[in-house]
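Participant: Below, each chain spelled out in residue letters.
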Amino acid sequence: MSLLAEMNQKALNLGLPISVHLDITYRCNERCVHCYLDHDDHGEMTTAEIINVIEQLADAGVFFLSISGGEVLMRRDFFEIVERARQLLFNVKVKTNGVMIREKEAARLRQLGVEQIQISVYSHRPEVHDAITKLPGSLRKTLRAIRFLKSQGLKVSIANVLMAGNFSDQAGVIALAKELGVHYTLDPTITPKMDGDRSILALQIPGSELKQVFNNAELVGNVEEFCAPPPAPDEDVMDGYPCSAGHTACYISPYGDVFPCVQFPLPSGNVRRQKFLDIWHHSTQLKEVRSIRARDLPTCSTCAHVGTCTRCPGLAYMEGSMRGPSTADCEKSFQRTGIPSANMLARARTSSTGPLIQIQLHAGSEQDGPFPVEITSPEGLDGIRAHA
Amino acid sequence: MAEKYIARSKAIAARMIGGETMVMSALDSTFFTLNEVASTIWQAADGRTPLSEIVAGKVCQEFEIDRERAQRAADRFVDELSQHGILLVSDQPLIDSSASSESR
Numbered sequence: 001m002s003l004l005a006e007m008n009q010k011a012l013n014l015g016l017p018i019s020v021h022l023d024i025t026y027r028c029n030e031r032c033v034h035c036y037l038d039h040d041d042h043g044e045m046t047t048a049e050i051i052n053v054i055e056q057l058a059d060a061g062v063f064f065l066s067i068s069g070g071e072v073l074m075r076r077d078f079f080e081i082v083e084r085a086r087q088l089l090f091n092v093k094v095k096t097n098g099v100m101i102r103e104k105e106a107a108r109l110r111q112l113g114v115e116q117i118q119i120s121v122y123s124h125r126p127e128v129h130d131a132i133t134k135l136p137g138s139l140r141k142t143l144r145a146i147r148f149l150k151s152q153g154l155k156v157s158i159a160n161v162l163m164a165g166n167f168s169d170q171a172g173v174i175a176l177a178k179e180l181g182v183h184y185t186l187d188p189t190i191t192p193k194m195d196g197d198r199s200i201l202a203l204q205i206p207g208s209e210l211k212q213v214f215n216n217a218e219l220v221g222n223v224e225e226f227c228a229p230p231p232a233p234d235e236d237v238m239d240g241y242p243c244s245a246g247h248t249a250c251y252i253s254p255y256g257d258v259f260p261c262v263q264f265p266l267p268s269g270n271v272r273r274q275k276f277l278d279i280w281h282h283s284t285q286l287k288e289v290r291s292i293r294a295r296d297l298p299t300c301s302t303c304a305h306v307g308t309c310t311r312c313p314g315l316a317y318m319e320g321s322m323r324g325p326s327t328a329d330c331e332k333s334f335q336r337t338g339i340p341s342a343n344m345l346a347r348a349r350t351s352s353t354g355p356l357i358q359i360q361l362h363a364g365s366e367q368d369g370p371f372p373v374e375i376t377s378p379e380g381l382d383g384i385r386a387h388a
Numbered sequence: 001m002a003e004k005y006i007a008r009s010k011a012i013a014a015r016m017i018g019g020e021t022m023v024m025s026a027l028d029s030t031f032f033t034l035n036e037v038a039s040t041i042w043q044a045a046d047g048r049t050p051l052s053e054i055v056a057g058k059v060c061q062e063f064e065i066d067r068e069r070a071q072r073a074a075d076r077f078v079d080e081l082s083q084h085g086i087l088l089v090s091d092q093p094l095i096d097s098s099a100s101s102e103s104r
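Protein sequence lines correspond, in order, to chains B and X.
The numbers in the first sequence follow the working numbering, run straight up by one, and end at 388.
The numbers in the second sequence follow the working numbering, run straight up by one, and end at 104.
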């Protein structure tokens, strides 16, 4: 176990939040097609309120602080907030689109000792990137920012959200990251809007393209290992919890609302009305999230992937139940291993409206022998296969 | 032997949890965890108190360790962290803008 993992385990045992994602604004100078936020200002926390919150977070034991948005530089007090966070010795990561970062801003981030800057890049081609951000010239400005940040010796990471519209540019973004000397991460997940609107999910890449991602050794390392069938779950797996959301991490919105995670819109308290630690220790919502173990998940506990799935309880919550499956993660597990999830099998059973037994006659091949017949029972994807 | 004065660098992230301190260098992301004894020295590293006084006044008294052993361990600890720029060391008091004054 790494030192970091040990400290994470220690924080878990002590019930401490070690990591907080703080959005300081939802305002943004871009209008990304896949963004889940409402960019209007509905009453953001003031500078004094935010500084009070981060002082509370320091006292609560938080070590990793991600400062994000919206676009963080839309707030005039951004550097004041980061400065206070660094005085309090947080490990600060900043998420930005970089459009407003020039030499002066890059130098200031370096001076303040920010650990990492994460910048979204959707394509190496301006016509694709700018069409996603809906801000003409945004790729040019973003790349300019990355160069300024790199020249200051800062650690920069490109985050590439994959959608149907930019999937074919993925290799170009990887090459761009190499050329710039920055880290590359990809995210194939599109999240429903915070108001529950799921229409942007239509932008997601199809499963076949997800499979290509999982079979790319440059991205996943050892493909055979990464795509291996899941091992049988043991007791530790069944007693495990799904992720750090609400256990050692949480999210705070620009309005002071506390959620288990940025991707888990379960309102759990508000730091304008309560102390952060009161919410962390006593919120009934966070307590409920913490109480859930893998064995408590009605469908997922019966799934072959239970021990290896990236099931996001927040996405599951947005689908209707925090104890339910997250279909985006079911798809990932399926595309990674070729083995359908329990949820997929259940859906196949319930959605089957065809005859009880289907018989399809295929043209024969030498390999299959003459007249192979595939019989698929409505039991689902693992139906009976027989050759006549 | 000349006195050593130690101060926490500003180019770090640090937090104490459960008696131990996590420290990460903002320069090279080296990550350390300090046990309770090391955390005591860390907390006392104000740039003004000589290391020998920290050892005698804090470490030996709080942990009942003999002075010679505690001083050797403290010297090794300071050498290790100073190599990563996490602790600043001088034979004069450090009232430096690159040293951190706040630790929680």
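Among the hints, erroneous ones may be present.
Looking from chain X toward chain B, a few residues come up when the C-beta cut is under 7 Å (computed) [stated by the list, open to error]:
no. : residue
1   : 14
2   : 17
3   : 19
4   : 89
Result set (DSS-like, lysine-lysine): computed pairs, CA atoms no more than 25 Å apart in a straight line [stated by the list, open to error]:
no. : chain 1 : residue 1 : chain 2 : residue 2
5   : X       : 58        : B       : 155
6   : B       : 95        : X       : 10
7   : X       : 4         : B       : 93
It should be emphasised that the hints constitute simulated quantities derived from the structure, not laboratory data.
Quantities reported herein were computed from a predicted structural model and do not represent experimental measurements.
Glycine included, each C-beta is placed from N, C-alpha and C at the ideal position.
Participant: Take the hints in turn and mark each one as holding or not.
Facilitator: Hints, one by one, checked against the model:
Because the closest C-beta pair between residue 14/X and chain B is about 5 Å apart, less than 7 Å, the hint holds. Given the 7 Å rule on beta carbons, the hint for residue 17/X holds: about 5 Å separates it from the nearest Cβ of chain B. Residue-level restraint check for residue 19/X is violated (minimum Cβ-Cβ distance to chain B is 10 Å; threshold 7 Å). Hint status for residue 89/X relative to chain B: violated, with the closest Cβ pair at about 19 Å, above 7 Å.
Between residue 58/X and residue 155/B, the direct Cα distance comes to roughly 37 Å. Violation of the 25 Å bound is thereby established for this hinted pair. Distance hint between residue 95/B and residue 10/X is fulfilled; the C-alpha atoms sit about 22 Å from each other, no more than 25 Å. About 34 Å separates the Cα atoms of residue 4/X and residue 93/B, which puts this hinted pair outside 25 Å; it is violated.
In summary, the structure is inconsistent with hints 3, 4, 5 and 7 from the numbered list given earlier, while agreeing with the others.
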